[in-house]
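Now for the letters of each chain:
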Amino acid sequence: MPTTIKMPQLGETVTEGTVAQWLKKPGDRIEKYEAFVEVSTDKVNAEVPSPVSGILREIIVNEGETVPTGAAIAVIEESGAPASPEPVADAIMAAPVAPVHTAPAPAAAKGNGVSRVEAPSSVETLRGVSPAVRKLAREHNVDVAHVRGTGSNGRITAQDILDASHSSSSAPAAAPRTAAAAASDGRSSYTNPIPGTTIPLTQARKIIAQRMVESKHTAPHAWTMVEVDVTNLWTWRTREKDAFERENGQKLTLLPFFMRAVIGSLSAYPLMNASFSDTGIKVHKDINVCIAVALPDNLILPVVRNADKLSVKGLALAAGSLIDRARRGQLGADDLAGGTFTVNNTGANGSILSAPILPTGQTGIITMEAVVKRPVVVTGDAIAIRAMMNVCLSLDHRVVDGGVASAFLSDVKKRLEAMGPSGSL
Amino acid sequence: MAIAMQTREMNNVEAVRETLHDALVRDDRVLIMGEDVGARGNVFLITKGFVEEFGPKRIIDTPLAEASIVGIAIGMAMEGLRPIAEIQFADFIYPAFNQIVGEAAKTRYRSNGDYTCPLVIRTPYGGGVRGALSHSVSIEALFYHVPGLKILAPSTPADIKGLLTAAIEDPDPVLFLEHKKTYRLVKGPVPEGRYVLPIGKADVKKEGSQLTVVSYGLYVHQALDAARQLETEDVSVEVIDLRSIRPMDRETILESVRKTRKLLIIHEDNKFGGIGAEIAAMVAEEALFDLDAPIKRLCGPDVPAMGYAITLEEEFMISTERMREAMRELVNF
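Keeping their order, the protein sequence lines are chains A and B.
For the first sequence, counting from 1, position 253 maps to 253 in the working numbering; every step adds exactly one.
For the second sequence, counting from 1, position 132 maps to 132 in the working numbering; every step adds exactly one.
A few of these clues could be false.
Unchecked claim - Taking lysine-lysine and the BS3-like style, the derived pairs with C-alpha atoms no more than 25 Å apart in a straight line are:
| no. | chain 1 | residue 1 | chain 2 | residue 2 |
| --- | --- | --- | --- | --- |
| 1 | A | Lys-313 | B | Lys-259 |
| 2 | A | Lys-285 | A | Lys-414 |
| 3 | B | Lys-205 | B | Lys-187 |
| 4 | A | Lys-135 | A | Lys-309 |
| 5 | A | Lys-309 | B | Lys-205 |
| 6 | A | Lys-135 | B | Lys-205 |
| 7 | A | Lys-285 | A | Lys-413 |
| 8 | B | Lys-201 | A | Lys-309 |
| 9 | A | Lys-413 | A | Lys-241 |
| 10 | A | Lys-135 | B | Lys-296 |
| 11 | B | Lys-48 | B | Lys-106 |
| 12 | A | Lys-309 | A | Lys-251 |
| 13 | B | Lys-271 | B | Lys-201 |
| 14 | A | Lys-313 | A | Lys-216 |
| 15 | A | Lys-251 | A | Lys-313 |
Hints are computed from structural coordinates only; laboratory data are not their basis.
Predicted model only: the values in this text are computed from it and were never measured.
Please construct the entire structure, taking both the sequences and the accompanying hints into account.
Right under this line is the structure:
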């Protein structure tokens, strides 16, 4: 019996999807829950599992074509299944849609827009897949569809996922590691193209282009900068970093300290944490901070949600996990949605001045530039060698004027300069 | 306990008695008032001999008028005394509801901190003792909605001593619940001398890895029995004694649930809108993505009261066996 497969809705606000790649050819056999097509939206790429077992009879939408959600994309001839009164299957209803882990991480990000990709499965499998299983499966890169459940009625338990990840990660773990290691120095990396050739636009590149133009055309950018004396902060971070790395297995950079200061200032100046629209300025309740992460051929802005609830240590761990997963291509739509302000560590590449473009829907993007030792005039007209850092802010002039922006930036400066070895992580 | 302490074995009723006695000796602002606390020495003999030792000004027999008992105690507390008001059975507390909720809980807030109300209201609660309609009730859910009120329900003699001492020394009103079935049933070592536990801290009474059980009062002991029985089947259950119903120790509960990924809440009070509902909501809000099974509640049925007939009482009370089966089912889920 033929079952028509429809374009799934990968998130509440997503209205269309692009067939990125067919993983099966017409005539191929597909098992239930087996991924058979990769769909991309402006937020994520996702492999879509089949709701039924059978033979792929017909591909209706070709690779690269974009269709509205709910449109028919393929027909699968179901094998040996009892006749169903409703032959049309929404692919999203079949099984958890896992974000694609292999493809380069998707789509440049912005604040508003897409919400969830973890669409749950049919009522039947949804009952089995607990939130913990979903979370662990994503963290350990385990495909739930391939795990044998040992719980009641064959339910997949959290322990099953952990067991599956142990059995699969022992040998072939090397591949993703190297990719991560290549980028782990915090600098962006890319491969040189061959001169004289035209590089076809990837989906990600198209979206970045579109977003940048949209932002520059709609939000009048203004720009301002302060210089900050981070000598004491540097001392603090230097003192903490070895113990931190020992305890948490990741490096302690200046980023979480910087984020902490920025978040404090956002609380003090909520107008900086807002979105412009024709009907009014929406001042956000939550402070969700995007961190710009450069990937070889993409730029993404994963979000640290409710960042104001986190300590420096909490921010370090949250940001570390996001950056790591971004480099492994393991972010989901949830990790990319809902940002309200962006922090960009441009200093990691040695820059001392940048004029960033606002992510659409955000009022500010702030950069931390390279920390440079400079002779500085200090109290008493003496000259001292101090660790100095420039902090640059691009702002949406429709939302704030220079007064608020400068006050905000001064506040960031004040907070950073107040940080020192007596603080606690 | 970090320091090895001299301890003495006693039951819950002796722990209450000794703690009250110590407080009366230590601080002459402390006084006890309630029905039959004087000449009769309290219906469970908790204050037997107190009126002879401390005199009728500090051990005050009151009329059968709960609103007055609490109301007068509030006035005493606001003016510098440390009254311990006794409601003979929790079932009789309703007339004092207005005094507790409308006055005591709001004193600090209403006076902008000028006045506090260092009042302890002790009351025996709970069933399983053939107490029928008027001597079996659990009242915690009626009060835990009220900010400004602390509610404690310790289950062991040591916890009773530590928390009752803390309650008496606390600057704000504390409702101190004593499960009457545990009074003589539960025995244990109690540290000698002044012993104080922090209010708002739950206690992991047994560690385990596959399921978190949160309970308080009598059922902590049954839950521990059930968990120990399951240990022989290699089933590992963690049992948390809430001890303090409000403030609630969110961290201890969350930490445990994040570890075990499963939660069973057991209490005697009615299920609907009970303490378990708040714990479940809190865990769902804070730790949803750590849960590997639905949160389960094993609670008293939603009937108006505990019947006198043994069949009705047994139906209301949760047996250790039912607890064990619920634990097993959730672990195997």
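Practice problem: Take a quick look at whether Lys-251 (chain A) and Lys-313 (chain A) sit within 25 Å of each other, Cα to Cα. | Solution: holds (11 Å)
Practice problem: Given the hint that Lys-309 (chain A) pairs with Lys-205 (chain B), test it: the Cα-Cα distance must not exceed 25 Å. | Solution: violated (31 Å)
Quiz item: Quick one, are Lys-285 (chain A) and Lys-413 (chain A) close enough, alpha carbons at most 25 Å?
Solution: With Cα atoms ~23 Å apart, Lys-285 (chain A) and Lys-413 (chain A) stay inside 25 Å; holds.
Exercise. Measure nothing beyond the straight line between the CA atoms of Lys-285 (chain A) and Lys-414 (chain A); if it is 25 Å or shorter, mark the hint as holding.
Key: Holds: Lys-285 (chain A) and Lys-414 (chain A) sit about 24 Å apart, inside 25 Å.
Exercise. Measure nothing beyond the straight line between the CA atoms of Lys-313 (chain A) and Lys-216 (chain A); if it is 25 Å or shorter, mark the hint as holding.
Key: Not satisfied, since the Cα-Cα distance of roughly 35 Å exceeds 25 Å.
Exercise. With a cut-off of 25 Å on the C-alpha distance, tell me whether Lys-413 (chain A) and Lys-241 (chain A) pass.
Key: holds (22 Å)
Exercise. Assess, step by step, whether the Cα of Lys-135 (chain A) is no farther than 25 Å from the Cα of Lys-296 (chain B), and give holds or violated.
Key: holds (21 Å)
Quiz item: Given the proposed pairing of Lys-135 (chain A) with Lys-205 (chain B), does the C-alpha separation stay at or below 25 Å?
Solution: Measuring from Cα to Cα gives roughly 29 Å; hence the hint is violated.
Quiz item: Going straight from one Cα to the other, do Lys-313 (chain A) and Lys-259 (chain B) come out at no more than 25 Å?
Solution: Judged against 25 Å, a Cα distance of about 21 Å means the pair holds.
Quiz prompt | Straight-line alpha-carbon gap Lys-135 (chain A) to Lys-309 (chain A), limit 25 Å | solution = holds (21 Å)
Quiz item: Within 25 Å, alpha carbon to alpha carbon, are Lys-48 (chain B) and Lys-106 (chain B)?
Solution: Measuring from Cα to Cα gives roughly 33 Å; hence the hint is violated.
Quiz prompt | Pair hint outcome, Lys-205 (chain B) versus Lys-187 (chain B) [Cα-Cα no greater than 25 Å] | solution = Holds: Lys-205 (chain B) and Lys-187 (chain B) sit about 15 Å apart, inside 25 Å.
The structure does not agree with the numbered hints 5, 6, 11, 14 stated previously, though it agrees with the rest.
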